[in-house]
Structure formats: C-alpha cells, structure tokens
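Colleague: Required output: the full structure, derived from the provided sequences and hints.
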Amino acid sequence: MSEHIVVVGNGMVGQRFVEAMVDLDEAHQYRITVIGEEPRCAYDRVRLSEYFVSRSVDDLSLAGEAFFERHQVKLMLAVRVTAADRQAKCVHLSDGTALDYDRLVLATGSYPFVPPIPGIDREHCWVYRTIEDLDQIIASAASGAKTGAVIGGGLLGLEAANALQALGLETHVVEFAPSLMAVQLDRAGGDLLRTKIEALGVNVHLNRNTQGITEGVDSRLSMAFTDGEQLETDLIVVSAGVRPRDELNETLGLQAGERGGFEIDAHCTTSDPSISAIGECASFQGQVYGLVAPGYDMARALAQRLCSGSGQFDGADLSTKLKLLGVEVGSIGDSLARTSGAQVYSMSDGAAGVYRRVVVSDDQTQLLGAVMVGDTSAYDMLLQIANGNAAMPDQPEHLLLPDAATDAAAMLGDAAQVCSCFGVTKSEITDAVIAGACSLADIKSATRASTGCGGCAQLTTSILNDALTSQGIEVDKSLCAHFSYTRQELFHLVRVEEIKTFGELLHRHGQGDGCHICKPAVASILASCWNDFVLQPQHAPLQDTNDRFLANVQKNGTYSVVPRVPAGEITPDKLIALGSVAKKYDLYTKITGGQRIDLFGATLDELPKIWEELIAAGFETGHAYGKSLRTVKSCVGSTWCRYGVQDSVGMALTLEHRYKGLRSPHKLKFAVSGCTRECAEAQSKDVGVIATEDGWNLYVCGNGGMKPRHAELFATGLNDETLVQYIDRFLMFYVRSADRLQRTSVWFDGLEGGLDYLKSVVIDDRLGIARQLEIDMQKVVDTYQCEWKTAISDQRTRKQFRSFINSDQPDTTIEFVRERGQRRPAPASKDLEEIERTLS
1 MSEHIVVVGN GMVGQRFVEA MVDLDEAHQY RITVIGEEPR CAYDRVRLSE YFVSRSVDDL
61 SLAGEAFFER HQVKLMLAVR VTAADRQAKC VHLSDGTALD YDRLVLATGS YPFVPPIPGI
121 DREHCWVYRT IEDLDQIIAS AASGAKTGAV IGGGLLGLEA ANALQALGLE THVVEFAPSL
181 MAVQLDRAGG DLLRTKIEAL GVNVHLNRNT QGITEGVDSR LSMAFTDGEQ LETDLIVVSA
241 GVRPRDELNE TLGLQAGERG GFEIDAHCTT SDPSISAIGE CASFQGQVYG LVAPGYDMAR
301 ALAQRLCSGS GQFDGADLST KLKLLGVEVG SIGDSLARTS GAQVYSMSDG AAGVYRRVVV
361 SDDQTQLLGA VMVGDTSAYD MLLQIANGNA AMPDQPEHLL LPDAATDAAA MLGDAAQVCS
421 CFGVTKSEIT DAVIAGACSL ADIKSATRAS TGCGGCAQLT TSILNDALTS QGIEVDKSLC
481 AHFSYTRQEL FHLVRVEEIK TFGELLHRHG QGDGCHICKP AVASILASCW NDFVLQPQHA
541 PLQDTNDRFL ANVQKNGTYS VVPRVPAGEI TPDKLIALGS VAKKYDLYTK ITGGQRIDLF
601 GATLDELPKI WEELIAAGFE TGHAYGKSLR TVKSCVGSTW CRYGVQDSVG MALTLEHRYK
661 GLRSPHKLKF AVSGCTRECA EAQSKDVGVI ATEDGWNLYV CGNGGMKPRH AELFATGLND
721 ETLVQYIDRF LMFYVRSADR LQRTSVWFDG LEGGLDYLKS VVIDDRLGIA RQLEIDMQKV
781 VDTYQCEWKT AISDQRTRKQ FRSFINSDQP DTTIEFVRER GQRRPAPASK DLEEIERTLS
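Oh and the sequence shown: position 684 is 684 in the numbering used here, straight run, nothing missing.
Worth double-checking, as some hints may not be accurate.
Unchecked claim - Below 25 angstroms or equal to it, Euclidean Cα-Cα: the simulated DSS-like pairs (lysine-lysine) are: (1) K555 - K584; (2) K779 - K789; (3) K584 - K667; (4) K667 - K590; (5) K609 - K789; (6) K789 - K584; (7) K555 - K146; (8) K667 - K555; (9) K609 - K590; (10) K146 - K500.
Derived by calculation from the structure, the hints in this document are not laboratory data.
Modeller: Set out below in structure tokens:
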C-alpha cells in the first residue's frame with residue numbers, strides 16, 4: 001500500500017512540493033491529498049500586483065485542476081484544517097470531515113502582520129495577501145477613491161504601492177524606518193530608491209509612526225503620526241510584514257521556532273517524525289524565511305528525502321533581485337555589512353540613477369554581500385561569487401564596474417546554481433547541450449531552467465551559447481528558420497539589390513513561407529529603405545497586429561487613437577477637436593508623458609471614422625503603433641521661460657517633422673530642453689538635445705524604458721544645421737546596423753569601440769558613408785506620408801477595418817465599465833494573446 005501524504009496549503013511552496021513529488025516518485029510510493037483554503041488552485045503571489053492590471057487569476061495560475069487530475073493528486077479547495085490529532089494521525093477539516101495521514105506536510109505559509117494602530121480596523125483599510133484582498137482594494141478604489149496609502153516601505157509595501165498606482169490613485173508610502181527596504185538595502189541604496197520612486201509619482205514618508213486612523217475631512221480617512229503631522233487618504237493598505245501561520249500548533253503541540261513557526265531540521269522534519277513543514281511557516285535554526293526561493297529549496301529537499309533519502313536543506317540566504325515600480329533592486333547576503341571586519345566598497349552614479357555596494361571580508365578574499373539599485377545586470381555574477389561558485393577578483397572594487405558580469409557564464413563553476421526556482425546547475429545545462437539541446441526552448445524542456453520566474457534566462461542563454469561553441473557548434477544568429485542572415489545582412493541585401501517586396505527577398509535569399517519573426521522584421525526594413533505605404537497589398541500581410549491596423553490593440557480588443565502633437569504644441573481649436581471626437585465616440589482620454597493626448601477604446605470599425613475627423617481638424621498619425629519615431633518632448637524654452645537660452649519648442653518641431661516617417665528597428669523617443677535645467681528629460685532619450693549658451697549639446701542612446709540608461713554626451717556647441725546633420729547620420733547608421741527589435745541603448749552597448757567608434761563614424765566619417773547616410777535620410781523625409789490619411793482615402797484599405805469579414809456591423813461583445821468618469825475595459829475581458837492570434 002502506498003503511504004498517504006496530506007499537504008496542508010496550496011500556495012506557491014505547497015504547489016512546488018507536489019510538482020517535485022510528481023517528478024521524483026517514480027515508484028509511486030505515495031498518494032497525495034492537497035488541502036487549499038482559498039477557492040482556487042495555487043497562484044503566483046510574487047506577481048500579485050499584475051492582477052490589478054489584468055484582473056485575471058488565470059494569468060497568475062501556477063497549475064490548474066487538470067494538473068491534479070493528470071497526476072492523480074486529490075485536491076480539496078475552499079476548505080481548511082481546523083485541528084489535528086498526532087496520535088490518531090488525522091486532520092479535521094472545516095467541512096466536518098477528517099482525513100487520515102501517514103505523513104503530514106505543513107505548507108500553511110504566513111499571514112499579514114497588522115500593527116495595533118487604533119482605527120486600523122475601519123472600512124477601507126485592507127491587507128495585501130490574497131486575490132480576495134485585492135478584489136476588496138479594487139472595489140474600494142472604484143468607489144470614488146482618489147488617494148491611497150501603504151503602511152510599510154519594505155518589499156511587499158512597495159509592491160502594494162505599485163498596485164495602487166496601477167489603479168490610478170495618488171499613492172503614498174508610509175514607513176517607520178529612516179529608509180526604504182531597510183532589511184535589504186543600506187541607507188544610500190534606500191535613499192536612491194526613494195528618489196527614483198518619488199520621480200515616478202509616489203509620495204514617500206519616512207520616519208513616520210502611525211498612532212491612529214480616524215475619519216478624514218477631505219478624504220475618507222486621516223492618518224495621524226506621532227510627530228503631529230497628518231495624511232488624508234481614501235484607502236489604506238497595510239503591508240508591514242508577515243508572520244508564520246502556525247495556529248495549528250495549538251492542537252499539534254510541535255516544537256516552535258524562536259520567532260514562531262514550526263521548528264524543522266535539515267530534513268524539513270518537525271519534532272514529530274511524521275510531520276514536515278516547508279516555506280514561510282517553517283523555522284530553521286531560528287530563521288523564518290519570508291521569500292519564496294528558500295521555500296522552494298525546502299520543497300525540493302523534502303521531496304528528495306521522501307523519494308530517495310538524499311534531500312537536505314542547509315539554509316538559504318535572503319538574496320533577492322526584483323523590480324519595484326519599474327526600478328531594479330538587488331540585495332545579496334550580508335548587504336548591511338554586519339559581519340565583523342567587513343569592508344565596504346560603493347559607487348554612486350547620480351546622473352544614471354545607479355548605486356552599487358559590495359561587502360567583502362577583512363582579507364578581501366570573500367564577497368559577503370552586495371546592494372544594487374537602478375541596475376541589477378551584475379546580480380547573477382555577484383551571487384555566484386558570494387556562493388563560492390566563481391572567483392573573487394584581486395581588486396574587489398572592480399566588482400562595482402558596469403561590466404562586472406560581462407563573462408559570467410565562462411567564470412561560473414560547474415556546480416554553480418543558475419536557476420534557483422528549480423535548482424538547475426551550470427553542469428546540468430551543459431549536459432543538456434551535450435545531449436542535443438540547441439536552443440533556450442530545448443534547455444527549458446530538458447532542465448526547467450528559466451521556466452519559473454525567468455530571471456535566469458539571460459545567464460542560461462549565455463551558458464547555452466558557450467556550451468554550443470565548446471562543442472564545435474556554431475551559434476546560429478540567423479533571423480529565423482527562413483533566412484540564414486542577420487537583420488543587418490538582410491538590410492544590406494534589400495538596399496544593394498533594391499529589393500522591394502518580401503516575396504522577392506524570400507525568393508532570392510530565403511526559404512519556406514516566412515513566419516511571425518521575419519515578416520515584421522522585413523516589413524520594417526522595406527519601410528526604412530523605400531518608405532512605401534505599409535498597408536499596400538504586398539506589405540499588409542507582413543505587419544504585426546498594431547501596424548496592420550495602424551493602432552495599438554488594447555486588452556479588451558479595442559484600439560488606441562494617438563494623433564501626433566509635435567513637440568507638445570497644440571492650438572485651442574485642436575484641443576477642442578480632440579475633445580469632441582473623444583466625447584462623440586466615448587473614448588478614454590489621457591495625457592501621456594510624451595506630451596500627447598491618447599484616446600482609448602475605439603472599436604476596429606470606428607477607427608477610419610475617427611481619423612477622418614481628426615485629419616480634417618489638422619492632425620496626422622502619431623505612429624504610436626510603429627517601430628518609429630514616437631514623440632519629441634520639449635519644455636517651453638526661451639519663448640516663455642526666464643531660464644531658457646534657446647527655442648527648444650522650435651527645434652523640437654523641426655526634429656519631429658523631419659523624422660516622423662522613419663521606420664527603425666525599435667521605437668524612438670526624442671527630447672529637447674531649452675537649458676541645462678533639463679525639464680524635458682533629454683538625457684533619458686534615444687536622441688536628446690539640450691540648449692546651452694554655446695549652442696546645442698547632443699545626447700544619444702538613452703532609454704527610459706524597462707531598463708533605464710543614461711544617454712551619452714555625443715557632441716557639444718552645435719548649430720542648428722550641424723545638429724540635424726549629426727542626427728541624420730546617427731539614426732540612419734542605427735537603422736542600418738541594429739538588430740531586430742533592438743533599442744538604441746542596447747545597440748550602443750554592443751558597438752565595439754563604444755562612444756569613440758560611434759563618433760568616428762558619424763562625426764569623422766571613418767567609414768566614408770556619412771554622405772550616403774544623409775542622402776538616405778533625406779529620401780525618407782521627402783517620401784513621408786500620413787499613413788492614416790492614405791488609409792482612409794483608399795476603399796480597399798478601409799475594408800480591413802471591419803470587425804467581421806462579411807459585415808459592417810460593430811463588435812457588440814466588447815464590454816466596458818465606467819470608472820473615474822470615463823469608459824474603461826470591463827474586468828476579465830478578452831485575452832490579449834487570443835485577440836492577437838485571431839487578428840494574425
């Protein structure tokens with residue numbers, strides 16, 4: 001007879017234990033019953049804030065009921081264990097039933113700690129833990145809330161702040177400590193994190209001890225602090241830490257940890273040999289781990305112990321890498337230098353918004369800890385050095401340099417753990433390559449590396465490529481299976497041979513029918529070279545969803561309308577026209593960071609009608625859907641501002657009108673500031689221009705996106721003509737040589753010779769192509785057309801903008817709700833991937 005394992009808890013760690021048992025129990029020694037208190041299968045709490053955007057539990061799901069059926073694991077949901085009898089080896093459930101067990105696995109997790117603040121039990125005060133908690137927060141926000149506050153500035157608190165921002169609330173973070181993330185970051189790192197988060201619109205209140213919550217005057221609630229200050233808010237989210245959920249110990253009577261939880265040994269066994277505990281409810285050597293990775297290690301160790309007798313949990317550090325409100329943060333080991341004799345090296349780049357700190361032993365032979373804010377590219381390498389899997393450099397300060405992780409894959413030892421979610425080592429990845437794996441998809445299938453949080457994807461790919469090279473296998477850099485060329489090589493073939501269509505290029509240099517990778521890439525190349533209308537019959541099938549309909553598809557199947565507002569300058573008549581169109585078609589309106597007004601919620605059949613009215617009012621397409629120039633942001637410059645030294649608006653208009661038709665490998669954003677006060681934030685753009693008394697300073701290859709990068713100062717004191725000339729050359733050189741979907745910042749980082757090389761090509765004409773680059777750009781300028789103006793004037797093209805092939809009727813299945821006075825997508829509407837598959 002197989003032994004019966006009862007797992008109490010179907011959270012992330014409980015689910016990982018079940019998955020490990022399914023993989024390892026080849027002899028079918030055990031049958032498993034899982035008891036979950038929530039009404040749904042396990043979901044990813046680490047990504048919980050995404051629910052505020054998607055409103056879909058399926059997006060967070062770690063396993064569906066089909067998983068349990070397929071592996072013959074019994075799942076009981078919406079029921080909890082109320083008591084347990086160790087002598088009888090049974091647990092009693094809230095539905096009145098009892099279950100016998102041979103082994104009990106406690107994976108009960110933790111509960112939110114709510115500080116004893118008078119008034120914290122008021123309406124509109126919530127915790128942040130489950131989907132039901134989130135639904136309550138969403139409902140509270142939708143019922144007229146304008147502001148929200150989070151009590152707690154740690155990991156969970158900042159995640160909660162991100163959620164409130166996603167709901168459109170003015171967001172405040174209230175923290176008792178003098179800095180954010182005080183457990184993981186030193187003061188300097190916490191201060192930079194605060195600066196970056198405040199720049200994103202979140203109000204941070206440090207050294208604030210909340211002594212009471214009462215009814216507000218202008219808002220629903222009022223928070224009173226011990227320093228006498230008050231903060232009014234419409235809702236409060238409490239995220240002040242968690243505590244082990246160990247209430248079952250009242251009937252189990254197991255040995256408890258110093259800080260609560262069920263005390264376990266290295267085998268994850270409690271004081272009762274037939275009861276184990278894993279995850280946040282377990283206490284190992286006095287330590288309760290509040291992160292998911294140590295819980296995964298426990299789950300894996302326990303499954304190995306049960307199935308083969310070899311598993312062991314030796315503890316885990318609290319190293320973590322994450323993105324909070326879009327800001328990259330990393331913490332490794334003894335980040336606060338508490339070890340006796342520890343030495344600290346730090347580096348702060350205020351302009352780039354990057355802080356790094358490493359903590360080393362007194363003899364400088366060990367990396368004890370590290371802190372990273374703004375850039376975590378070196379995290380994987382530093383973690384491996386701290387774990388002893390890679391060599392420590394002779395000079396520890398070299399670890400602070402931006403290229404500290406450039407050769408991470410080569411430096412790692414074979415035993416180095418690459419994927420912490422599934423415990424995959426470097427040797428397991430290289431063994432998979434020897435066994436025949438040739439792609440990241442093969443590695444995922446063979447080892448499960450990079451299928452968890454995905455944070456190890458880059459390092460896994462590097463190890464894969466190194467292993468292929470060492471096997472004498474050339475790493476294929478072809479665009480796809482249909483073209484054995486890179487994007488750069490295809491660009492030159494199109495230009496030199498004057499190829500005008502995808503079919504012609506495929507016939508001469510490709511094979512097969514093409515795919516979703518090469519078709520949009522070639523479409524972009526053709527548009528960059530010849531600037532034909534992208535919806536001509538020979539080009540239209542190549543476009544991705546957004547380019548195909550000249551609009552960005554939104555989560556509920558509607559589209560955005562984004563007219564160009566050059567340099568952010570707009571007349572009152574045009575403002576009125578936008579308002580009239582938005583009101584007529586009931587569109588959601590929002591002013592963007594790029595100084596445009598976006599209109600959301602248009603159905604496919606409405607797009608031509610809307611654009612007819614906008615074009616008649618003097619607007620043209622803003623190319624928000626294309627890999628092309630989006631906006632040129634500007635301040636008001638010398639026309640209005642007393643600090644402005646040049647006409648930044650005039651220059652921004654010149655640049656936006658010149659480059660508005662340029663198709664490129666990725667989207668482009670510009671900015672022009674009228675003085676060095678930098679109100680237009682030019683130094684975070686692909687092309688940034690700043691006015692000085694001596695002329696224009698030109699910056700290139702910045703990026704304010706998912707991985708922010710400070711732009712490089714390229715040239716100073718330029719006149720108008722030289723400025724435009726350099727930008728012409730720079731952009732066309734980028735268009736010619738960048739890879740598919742490669743931002744200028746990433747392209748620049750891969751240029752051998754860096755800034756000096758780029759200057760030599762653009763300024764000094766090192767390659768002798770400067771004149772041709774200027775000619776190519778002028779052709780783009782001369783052949784510009786408003787794609788929407790062309791689209792609405794051609795009846796054949798207009799037929800593409802129908803919801804149904806055989807009818808002009810609109811799609812009535814799209815659902816909306818009204819929030820904050822405007823129409824928004826209804827929750828749990830159409831799945832975006834399904835929409836894109838349908839449209840493609």
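Colleague: Does each hint fit the structure? Answer for all of them.
Modeller: Right, here's what the structure says about each hint:
1. For the hint linking K555 to K584, the alpha-carbon distance of about 22 angstroms falls within 25 angstroms, and the restraint holds.
2. Taking the CA atoms of K779 and K789, the gap is near 20 angstroms; set against the 25 angstroms cutoff, the hint holds.
3. A hinted pair counts as satisfied when its Cα atoms are at most 25 angstroms apart, and K584 with K667 does not qualify at roughly 31 angstroms.
4. The straight-line distance between the Cα atoms of K667 and K590 is roughly 20 angstroms, inside the 25 angstroms bound, and the hint therefore holds.
5. Restraint check: the Cα-Cα separation between K609 and K789 comes to about 11 angstroms, which is no more than 25 angstroms; the hinted pair holds.
6. Between K789 and K584 the alpha-carbon distance is near 20 angstroms, which keeps this suggested pair within the 25 angstroms criterion.
7. This hinted pair checks out: K555 and K146 have alpha carbons roughly 24 angstroms apart, not beyond 25 angstroms.
8. Restraint check for K667 and K555: the C-alpha separation of about 21 angstroms stays at or below 25 angstroms, so the hint holds.
9. A threshold of 25 angstroms between alpha carbons decides the hint, and for K609 with K590 the separation of about 20 angstroms falls inside it, so the pair holds.
10. For the given pair, K146 sits about 53 angstroms from K500 by alpha-carbon distance, which is inconsistent with the 25 angstroms threshold.
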